[in-house]
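2 protein chains.
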Amino acid sequence: MVTQPRPQRPRPQAGRPTMDDVAAVAGVSRGTVSRALNGGHNVSGPAFEAVQRAIRKTGYVVNQHARSLVTQRSDSVAFILSEPQDRLFEDPNFNVLLRGCTRALGEHDITLLLTVAGTQEDRERIGRYVTAGHVDGALLVSDHAGSSLLQELKDRGLPVVTCGRPLGHEREISYVAADDRDGARQMVSYLRSRGHRTIATITGPLDTSGGVDRLAGYYDVLGDADPRLVVSGDYTQASGEVAMEKLLRQVPDLDAVFVCSDLMAVGAIAALARAGKRVPDDVAIGGFDDSKVAAASTPPLTTIRQPFGRISGEMVRLLLGHLSGEPPAAVILPTELVVRATA
Amino acid sequence: MVTQPRPQRPRPQAGRPTMDDVAAVAGVSRGTVSRALNGGHNVSGPAFEAVQRAIRKTGYVVNQHARSLVTQRSDSVAFILSEPQDRLFEDPNFNVLLRGCTRALGEHDITLLLTVAGTQEDRERIGRYVTAGHVDGALLVSDHAGSSLLQELKDRGLPVVTCGRPLGHEREISYVAADDRDGARQMVSYLRSRGHRTIATITGPLDTSGGVDRLAGYYDVLGDADPRLVVSGDYTQASGEVAMEKLLRQVPDLDAVFVCSDLMAVGAIAALARAGKRVPDDVAIGGFDDSKVAAASTPPLTTIRQPFGRISGEMVRLLLGHLSGEPPAAVILPTELVVRATA
DNA sequence: CTGAAAGCGCTTACAG
DNA sequence: CTGAAAGCGCTTACAG
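Chains A and B are the protein sequences, given in the same order. Read in order, the letters of the first sequence correspond to residues 1 to 343 in UniProt numbering. Read in order, the letters of the second sequence correspond to residues 1 to 343 in UniProt numbering.
Keep in mind that the hints were calculated from the coordinates and are not lab data. The beta-carbon is built from N, C-alpha and C at its ideal position, and this holds for glycine as well. Take the hints with a grain of salt, since some may be wrong.
[Claimed, not checked] Each computed DSSO-like pair below joins lysine-lysine, with the alpha-carbon atoms no more than 27 Å apart:
| hint | chain 1 | residue 1 | chain 2 | residue 2 |
| --- | --- | --- | --- | --- |
| 1 | B | Lys246 | B | Lys277 |
| 2 | B | Lys246 | A | Lys154 |
| 3 | B | Lys154 | A | Lys57 |
| 4 | A | Lys246 | A | Lys277 |
| 5 | B | Lys292 | A | Lys292 |
| 6 | A | Lys246 | B | Lys292 |
| 7 | B | Lys277 | B | Lys292 |
| 8 | A | Lys277 | A | Lys292 |
| 9 | B | Lys57 | A | Lys292 |
| 10 | B | Lys246 | A | Lys277 |
[Said to hold, decoys possible] Derived list of chain B stretches under chain A, where covered just means 3 residues or more per stretch with a C-beta under 8 Å from a C-beta of chain A:
| hint | segment |
| --- | --- |
| 11 | 33-46 |
| 12 | 330-338 |
Could you build all of it, start to finish, from the sequences and the hints given here?
Here it is in structure tokens:
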């Protein structure tokens, strides 16, 4: 990569029109233009009209930096995905969450900036960006315990809402989570009620609240489970395959598996197929998420539905609350068993 | 969604330290602090040291809005994906491109902002955001012909580089593209050299340069092809399945298909499997992209490699050139046949 | 309802 | 090498 010379002098942005230009064309003062732009309070009808015309004529667009410098807010928030970039692209849950947050914020004229903090370097860069005043707050998704990012945001006093419990920061940081533990309980109880005896589980990452809480729910129902029935994954399809192979070696006669994400469940089913096992006849599979892949999978997945729409809505609501000075809060949303064909 | 009251008074950002605070602590003037921050030219050793210490002591972080207001630049550029959000998550090519651009820009201390312009509404919001001075330029990926977004960016004078030829704007807008037409030629020639007689194609969207150019390459080799051999897709896996089914109905005896994306090729193979056709024994399949799914597919895909690493590097280079006043340019990068198992 | 003025936090010629 | 000062483009009390 060749280093490009930076322009020494600021580009005059091709004479980009300023508020004074608008004021001159409209025949009013700059203050009146500003008021017309910000809600139109204390502006007479004719003045308002004149300003609108002048804006159209000049092609004026507000300079956000100037505005933010005085208002001390940027009207944008960061959506920080603290995961390797691959996962952003693989996991449909993020998609749903992102869309929901974008929409909810859009209703308040707030722009959502998507950032992927895959590497430690990314996290540092994003930490700097976010604390330099570019955003008013952050929505943090899928942060793992011990991440320095959450700590930094907190230290800087930036309003933050996490998706899932912020392990170790439950008291100071707002968060929204599905009731992972209860969802896990529902699934494992259901599997047991269907007559399965040897119920294994493929967990999520155990440095996230979803990972530990779903495993806790499993143990709530099967407190005496053989440790060999528990294998960990990282929510990806590939890890589901690997984990299933390991389970098959450790406990060949298992007859059901609670897999802690739909994506991993798809991987597990592939591994079972290769091993010549039928789903659900030989081994029943229960997933988690009710993501897009659940219904599309063959056979369609029995799973636990996470209320992603509500999760994103609540995240935005909490963050906006923060911005207007409200204290932190936690919101836990119920999950629901969805029975399809794999169990 | 409940509307939150906006804070009436600007939050004082908890007394966030300013440059004057640093200057006071360091015992120098504000100008000297600024110089120390911007390269350290014309700052004596002791003064520089004092400033560093003061910054650490106060926890000072530059206010980007204030800086941008005077420098007229934001040191960030937008990566605009002009596609439904789903595709961002499905198509691994975007992932590779995004990562490459992030890295290349990072070397110049420029932040990349990812935005997904899935709907017309998104495009308008992004148009406003981008032209309000938030970014110095834009990398536009996967824009379809007739999109108003490119036009708007152009009208606003924002430096833009597109990935793929900007249909209808080739002369005024910089772009980087793989040699799609030649890649298609290579693949179709290869299929023919392997003895295939009835070679169909599943095209990409025909309002993108990749779509039209790859089809043109197909016709370069098979100018007399039966129109029923040509069916269109939109690069997604699902569209590949549908297109393959259609081809199978229209031309049951086809013995090879040039599929214009790896993702569609995976879909096509699934459709063939359902129809009881073996790949490559009954029908040979050639893909395009050499994306992550190509090697992971069963059987592994014979495909055309796009040099994504170079594409992102060149995109960034052209954009930085723009920012320092260089005129537009086009860069076409060669593609390469990769033979695996499907043809 | 309106304008004149102060000020947000920086950078950068300009003088010294 | 350094400081004082102007100015980037806005918003918002304040007076009228």
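Evaluation of the provided hints:
no., hint, result
1, B/Lys246 x B/Lys277, "14 Å, holds"
2, B/Lys246 x A/Lys154, "56 Å, violated"
3, B/Lys154 x A/Lys57, "18 Å, holds"
4, A/Lys246 x A/Lys277, "14 Å, holds"
5, B/Lys292 x A/Lys292, "21 Å, holds"
6, A/Lys246 x B/Lys292, "25 Å, holds"
7, B/Lys277 x B/Lys292, "24 Å, holds"
8, A/Lys277 x A/Lys292, "24 Å, holds"
9, B/Lys57 x A/Lys292, "50 Å, violated"
10, B/Lys246 x A/Lys277, "33 Å, violated"
11, 33-46, "violated (count 0)"
12, 330-338, "violated (count 0)"
Checked against the numbered hints listed earlier, the structure breaks hints 2, 9, 10, 11, 12; every other hint is satisfied.
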